[in-house]
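**Student:** Below, each chain spelled out in residue letters.
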Amino acid sequence: MTTSETGRPPAGPKSGARRGVLKRLMADYGQEIVVFAAILALFVVVTAINPRFVSANNLTSIFSGNAYIAVAAIGMSMVIVTGNIDVSVGALIGVLATISGTLAVSGYPNWVAWFFPVLVGMAVMGVQGVLVAYARIPSIVVTLGMLSILRGGLISVTGGTWISNLPADFLIAQKRLFDIPVPLVAMVVLTLLAAAWMRYFPFGRSLYALGGNPEAAVATGIPAERRIVAVFVIHGFFAGLATILFATQLQVIQSTVPPNLELTIITASVIGGVSILGGSGTVIGSTLAAILFATIGSALIFTNVSAYWLRAVIGLLILATVLADMLRRRRTR
Amino acid sequence: MTVRSIFRHETFLALLLVVALVVLSFQSDRFFTTANLLNQGRLMTETGLIAIAMTLVIATGGIDLSVGSILGLTAILVGVFWKSLGLPLPAAILAALASGTLAGFGNGIIVTRFGVPPLIATLATLALYRGLAEGISEARSVRGYPDWFYGLGQGEVLDVPTQLWLLLAAAATGAVILGYTRWGRAIYAIGANEVAARFSGLSVEKTKIALYTASGFASALAAVIFVSRVSTTRSDMGTGIELDAITAVVLGGTSIFGGRGTVLGTVLGLCLIQALKNGLSLAGVKGDGTTMLIGVVLILAILASNLFERGGTR
Numbered sequence: 001m002t003t004s005e006t007g008r009p010p011a012g013p014k015s016g017a018r019r020g021v022l023k024r025l026m027a028d029y030g031q032e033i034v035v036f037a038a039i040l041a042l043f044v045v046v047t048a049i050n051p052r053f054v055s056a057n058n059l060t061s062i063f064s065g066n067a068y069i070a071v072a073a074i075g076m077s078m079v080i081v082t083g084n085i086d087v088s089v090g091a092l093i094g095v096l097a098t099i100s101g102t103l104a105v106s107g108y109p110n111w112v113a114w115f116f117p118v119l120v121g122m123a124v125m126g127v128q129g130v131l132v133a134y135a136r137i138p139s140i141v142v143t144l145g146m147l148s149i150l151r152g153g154l155i156s157v158t159g160g161t162w163i164s165n166l167p168a169d170f171l172i173a174q175k176r177l178f179d180i181p182v183p184l185v186a187m188v189v190l191t192l193l194a195a196a197w198m199r200y201f202p203f204g205r206s207l208y209a210l211g212g213n214p215e216a217a218v219a220t221g222i223p224a225e226r227r228i229v230a231v232f233v234i235h236g237f238f239a240g241l242a243t244i245l246f247a248t249q250l251q252v253i254q255s256t257v258p259p260n261l262e263l264t265i266i267t268a269s270v271i272g273g274v275s276i277l278g279g280s281g282t283v284i285g286s287t288l289a290a291i292l293f294a295t296i297g298s299a300l301i302f303t304n305v306s307a308y309w310l311r312a313v314i315g316l317l318i319l320a321t322v323l324a325d326m327l328r329r330r331r332t333r
Numbered sequence: 001m002t003v004r005s006i007f008r009h010e011t012f013l014a015l016l017l018v019v020a021l022v023v024l025s026f027q028s029d030r031f032f033t034t035a036n037l038l039n040q041g042r043l044m045t046e047t048g049l050i051a052i053a054m055t056l057v058i059a060t061g062g063i064d065l066s067v068g069s070i071l072g073l074t075a076i077l078v079g080v081f082w083k084s085l086g087l088p089l090p091a092a093i094l095a096a097l098a099s100g101t102l103a104g105f106g107n108g109i110i111v112t113r114f115g116v117p118p119l120i121a122t123l124a125t126l127a128l129y130r131g132l133a134e135g136i137s138e139a140r141s142v143r144g145y146p147d148w149f150y151g152l153g154q155g156e157v158l159d160v161p162t163q164l165w166l167l168l169a170a171a172a173t174g175a176v177i178l179g180y181t182r183w184g185r186a187i188y189a190i191g192a193n194e195v196a197a198r199f200s201g202l203s204v205e206k207t208k209i210a211l212y213t214a215s216g217f218a219s220a221l222a223a224v225i226f227v228s229r230v231s232t233t234r235s236d237m238g239t240g241i242e243l244d245a246i247t248a249v250v251l252g253g254t255s256i257f258g259g260r261g262t263v264l265g266t267v268l269g270l271c272l273i274q275a276l277k278n279g280l281s282l283a284g285v286k287g288d289g290t291t292m293l294i295g296v297v298l299i300l301a302i303l304a305s306n307l308f309e310r311g312g313t314r
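Respectively, the protein sequence lines represent chains W and C.
Just so we're aligned: the first sequence equals residues 1 to 333 in my numbering.
Just so we're aligned: the second sequence equals residues 1 to 314 in my numbering.
Everything labelled a hint here was simulated from the structure, so no lab data went into it.
Keep in mind that a hint or two might mislead.
As the list claims (entries may be wrong) - Derived contacts from chain C toward chain W, CB cut-off under 10 Å, selection only:
{"hint": "1", "residue": "Ile63"}
{"hint": "2", "residue": "Ser84"}
{"hint": "3", "residue": "Leu97"}
{"hint": "4", "residue": "Ala98"}
{"hint": "5", "residue": "Leu102"}
{"hint": "6", "residue": "Gly115"}
{"hint": "7", "residue": "Ile136"}
{"hint": "8", "residue": "Ser141"}
{"hint": "9", "residue": "Gly144"}
{"hint": "10", "residue": "Thr247"}
{"hint": "11", "residue": "Ile256"}
{"hint": "12", "residue": "Phe257"}
{"hint": "13", "residue": "Met292"}
{"hint": "14", "residue": "Leu298"}
Stated by the list, open to error - Partner residues aside, some chain W positions facing chain C, computed with beta carbon under 7 Å:
{"hint": "15", "residue": "Arg311"}
{"hint": "16", "residue": "Leu317"}
{"hint": "17", "residue": "Ile318"}
It should be emphasised that the depicted structure is a prediction, and the values quoted were computed from it without experimental measurement.
Here a beta-carbon is modelled for each residue, glycine too, at the ideal position from N, C-alpha and C.
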């Protein structure tokens with residue numbers, strides 16, 4: 001790195017007590033504010049061009065269509081905060097969705113079809129956590145291997161066939177709770193709980209310590225190995241919950257997940273301000289980034305930009321956000 | 001970290017390769033034949049070129065996730081420059097190669113001048129370059145190239161697939177640079193301790209820009225070979241090839257944290273993966289089963305290498 005800084009220090013309740021409220025907000029949640037401002041700006045511009053952008057239907061699709069990415073990014077953010085990474089989560093979500101759908105059409109109760117895959121996700125991630133923490137294999141290597149295993153396993157088991165005839169009750173992502181789409185409720189509640197847990201609870205804060213300075217963390221008595229395994233298991237839990245939202249949003253479950261899903265999830269974490277070097281960032285940022293991606297996708301449709309240029313524009317915006325963040329950090333340093 | 005530990009990993013890998021070759025040749029008569037092995041060399045060239053450049057990038061502690069997207073973009077540009085802009089095909093190929101190289105140079109600038117961590121920088125350009133490929137091509141493929149062009153991807157020179165010569169040349173160049181020149185030592189120094197490398201007066205930024213540019217060039221070259229081999233250009237070419245290349249590099253013993261690794265190891269890793277893919281498919285195992293096995297081999301190889309290394313250094 002040309003910047004010796006590893007990002008913001010972990011945002012503690014007492015950090016910067018003597019500074020102004022605004023400055024403190026900017027220091028603790030700078031990237032979150034940048035992403036939020038980008039979403040707001042997009043809304044203003046696109047609504048001016050096409051007022052139907054803010055119709056109830058479109059807002060629903062923006063906020064709930066990508067909710068599973070936001071939920072998966074919560075666990076991913078925790079993993080990245082500890083200085084690790086996981087490239088297997090996209091393939092895992094595909095495998096769990098197939099398990100979930102198979103259980104649902106085989107006549108198991110819905111709660112089994114929803115939550116058994118969550119347990120499988122926690123187990124798979126737990127194994128990876130053990131390999132990272134105790135066998136000391138770098139997380140990118142472990143998860144790259146697991147990506148191959150899961151991807152190959154999924155196709156050889158399903159043979160590429162889709163699961164259809166899902167029971168109507170199973171499709172929970174299409175339901176509403178107090179007239180609010182379930183995925184939106186899940187995304188907001190899970191994000192706030194996870195953010196609070198990471199900021200105010202000793203276990204959550206120890207993740208920042210492990211990512212920021214592992215040796216110092218161990219010296220202060222944090223059981224590093226067990227925490228790493230735990231954070232992977234928690235990541236598996238969120239991947240499982242993301243699967244419930246993903247698998248129940250359509251009438252069928254495909255044997256494939258969107259290409260590069262793991263990279264989209266990692267990008268959401270990183271654009272949301274989680275330092276890839278570990279030690280800083282919040283899940284509020286990653287959820288905002290997931291919403292930003294959905295907003296961009298929808299904005300392009302409503303401004304009649306050719307669908308072929310969708311990914312180029314998203315790529316350009318991601319790059320702009322990253323560069324803006326680097327410049328902002330240099331200035332506040 | 002010592003020369004001995006590098007030697008150990010590669011010896012271990014070579015043994016694994018020999019075992020795989022022996023076992024697989026018992027599984028099928030068609031496996032251990034010159035024709036089949038040369039054809040496998042043809043198939044691994046694209047990943048191989050990218051993996052060799054990736055070895056040098058990872059040895060500095062960096063990574064390049066955008067290689068598959070650069071491949072797709074370059075492939076599309078070959079078609080666009082030739083068919084839409086009407087350039088003669090050789091000029092179109094050169095222009096496309098230059099564009100892919102420029103894309104790599106862009107990565108280098110973002111990483112060094114802006115100080116963006118390589119993983120994020122190339123994650124962003126992965127989306128950007130693939131998006132450009134999709135936007136420019138509008139999902140149309142270009143076919144009908146002149147016959148001479150197919151000589152690169154489908155022909156032979158001295159009874160060996162044309163592109164295999166390119167792969168050999170690239171491997172030799174990479175191995176010499178990394179193993180025997182001061183640039184190679186600078187790469188290891190940057191990967192081992194970047195701050196120390198900078199204070200020793202090494203031109204860290206220039207080295208990194210050169211390597212990301214080289215990675216872009218390797219991806220672009222792979223794209224031209226790919227187009228010539230499959231006779232068409234499509235915007236989704238090379239999707240996921242970054243993970244295949246990284247798997248080969250890591251299997252080859254290059255530390256993902258930088259400072260350690262050899263091109264020989266990467267080539268051994270490539271051969272092992274390709275032998276498994278081919279041998280198992282001849283033995284009747286489906287491609288998906290092979291993908292699973294490669295994942296297992298990757299994890300076990302690093303696990304075993306870790307255990308040996310600890311046993312050896314203590």
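**Student:** Give a verdict on every hint.
**Tutor:** Each hint tested on the structure:
1. Evaluation of the Ile63/C hint against chain W yields a held restraint, the C-beta minimum of about 8 Å falling below 10 Å.
2. For Ser84/C, the interface hint is violated, since its Cβ never comes within 10 Å of a Cβ in chain W; the closest pair sits about 15 Å apart.
3. For Leu97/C, the interface hint is violated, since its Cβ never comes within 10 Å of a Cβ in chain W; the closest pair sits about 21 Å apart.
4. Annotation: interface hint on Ala98/C violated; nearest CB of chain W at approximately 20 Å, more than 10 Å.
5. Hint on Leu102/C is violated. Least Cβ distance to chain W is approximately 15 Å, over the 10 Å limit.
6. Hint on Gly115/C holds. Least Cβ distance to chain W is approximately 4 Å, under the 10 Å limit.
7. Contact between Ile136/C and chain W, as hinted, is supported at the beta carbon level, the nearest pair being about 8 Å apart and thus within 10 Å.
8. A distance limit of 10 Å between C-beta atoms decides the matter here; for Ser141/C the minimum to chain W is near 14 Å, and the interface restraint is violated.
9. Because the beta carbon of Gly144/C sits about 22 Å from the nearest beta carbon in chain W, more than 10 Å, this interface hint is broken.
10. With its C-beta approaching chain W no nearer than about 6 Å, Thr247/C sits inside the 10 Å limit, and its interface hint holds.
11. For Ile256/C, the interface hint holds, since its Cβ comes within 10 Å of a Cβ in chain W; the closest pair sits about 5 Å apart.
12. This hint holds: Phe257/C has a C-beta 7 Å from the nearest C-beta of chain W, less than the 10 Å allowed.
13. Here the hint on Met292/C is kept, as its CB sits about 4 Å from the closest CB of chain W, short of 10 Å.
14. Residue-level restraint check for Leu298/C holds (minimum Cβ-Cβ distance to chain W is 4 Å; threshold 10 Å).
15. The restraint placing Arg311/W at the interface with chain C holds, with a minimum CB-CB distance near 3 Å, inside the 7 Å limit.
16. The interface hint given for Leu317/W is violated, since its Cβ lies 9 Å from the closest Cβ of chain C, which is over the 7 Å cut-off.
17. Restraint check, Ile318/W versus chain C: the minimum CB separation of about 5 Å is within 7 Å; hint holds.
Comparing the model with each numbered hint stated earlier shows that hints 2, 3, 4, 5, 8, 9 and 16 do not hold.
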